[in-house]
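So the mapping is simple: the working numbering equals the position in the sequence shown, first residue as 1, plus 1.
Please keep in mind that the hints were generated in silico from the structure rather than gathered at the bench.
In this text, a Cβ means the ideal position worked out from N, Cα and C, and glycines have one as well.
Where hints are given, some of them may not hold.
[Stated by the list, open to error] In silico BS3-like pairs for lysine-lysine, Cα to Cα no more than 27 Å straight-line:
#1 K43 with K10
#2 K29 with K51
#3 K51 with K10
#4 K58 with K10
#5 K58 with K17
#6 K43 with K17
#7 K9 with K75
#8 K9 with K58
[Claimed, not checked] Per label pair, the in silico range of CB-to-CB distance:
#9 C91 with R16: 15 to 23 Å
#10 H102 with I22: 15 to 23 Å
#11 R72 with L50: 30 to 38 Å
#12 E87 with D128: 30 to 38 Å
#13 G42 with N62: 16 to 24 Å
#14 P101 with K51: 41 to 49 Å
#15 P23 with T103: 16 to 24 Å
#16 K51 with E104: 21 to 29 Å
#17 K10 with C91: 21 to 29 Å
#18 S88 with L8: 15 to 23 Å
#19 E104 with R6: 19 to 27 Å
#20 S31 with K58: 37 to 45 Å
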Amino acid sequence: MKKTRGLKKHYRRIRKNLINIPLHLDDKESWYNMWHVHVEGKGISNISLKHRRSHIKELLNFLDGVEDHSRNSKLPFQTWIHIDAESGTCDSLYIHTPNPHTEYPYIIATKITKEMKVDPMFAGIIDEKNYENGINIRAKLFNNEEKFRRIIVY
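Please build the complete structure, drawing on both the sequences and the hints.
This is the structure:
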């Protein structure tokens with residue numbers, strides 16, 4: 002097993018970087034064309050399940066932050082988390098809004114059913130009551146006026 006040093010610093014840096022991302026969801030002139038952010042690129046999340054779960058927690062916290070930031074948003078947008086089956090370095094959070102380059106809403110056929118359960122690898126960090134789960138490369142998620150829906154795709 003590979004030894005890692007400075008993990009506290011690593012996770013602090015991730016949190017700081019995510020917090021400092023400017024989101025312009027309250028600006029009607031702004032748009033996002035499949036914009037996404039990866040939590041990490043060093044491969045630490047591939048070392049062990051423990052590290053992978055920690056990185057996914059950071060993505061979930063960032064999704065919560067997007068929800069908090071968008072409470073007064075007049076700009077319609079989609080957001081979702083992509084969890085890659087092969088590599089944690091590909092895990093990311095996407096934001097998509099109406100824009101001149103890609104259709105909105107961006108719809109990709111994804112299997113999402115009420116019977117679908119959270120992957121056991123993520124048990125305890127993904128609350129099935131708060132998230133919809135899907136299996137595909139990506140999925141759609143709308144922030145409409147009724148409610149903020151969340152989706153995890155793997």
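The hints, checked one at a time:
1. A C-alpha spacing of about 14 Å is found between K43 and K10, which places the hinted pair at or below 27 Å, so the restraint holds.
2. For the proposed pair K29 and K51, the alpha carbon gap of about 40 Å is over 27 Å, so the pair is violated.
3. With a C-alpha separation of about 16 Å, the suggested pair K51 and K10 falls inside the 27 Å cut-off, and the hint holds.
4. Taken as a hint, the K58 and K10 pair is honoured in the structure, with Cα atoms around 16 Å apart against an allowance of 27 Å.
5. Annotation: proposed proximity of K58 to K17 holds, straight-line Cα distance about 14 Å (limit 27 Å).
6. With a CA separation close to 17 Å, the supplied pair K43 and K17 stays within the 27 Å bound.
7. With a C-alpha separation of about 37 Å, the suggested pair K9 and K75 falls outside the 27 Å cut-off, and the hint is violated.
8. Annotation: proposed proximity of K9 to K58 holds, straight-line Cα distance about 15 Å (limit 27 Å).
9. Range check, C91 to R16: about 20 Å between beta-carbon atoms, so the 15 to 23 Å window is met.
10. For the pair H102 and I22, the beta carbons lie near 21 Å from each other, so the given range of 15 to 23 Å is met.
11. Roughly 34 Å separates the CB atoms of R72 and L50, a value that falls within the hinted 30 to 38 Å.
12. Range check, E87 to D128: about 25 Å between beta-carbon atoms, so the 30 to 38 Å window is missed.
13. In this structure the hint that G42 and N62 lie 16 to 24 Å apart at CB holds, the actual value being about 18 Å.
14. Under the hint 41 to 49 Å, the C-beta atoms of P101 and K51, about 43 Å apart, fit the expected range.
15. Between P23 and T103 the CB atoms are about 21 Å apart, so this pair conforms to the stated range of 16 to 24 Å.
16. With their beta carbons about 39 Å apart, K51 and E104 fall outside the hinted range of 21 to 29 Å.
17. At about 23 Å, the CB distance of K10 to C91 agrees with the hint of 21 to 29 Å.
18. As the Cβ distance of S88 to L8 is approximately 19 Å, the hint placing it in 15 to 23 Å holds.
19. Between E104 and R6 the Cβ separation comes to about 46 Å, which falls outside the hinted range of 19 to 27 Å.
20. Between S31 and K58, the C-beta spacing of about 28 Å breaks the proposed range 37 to 45 Å.
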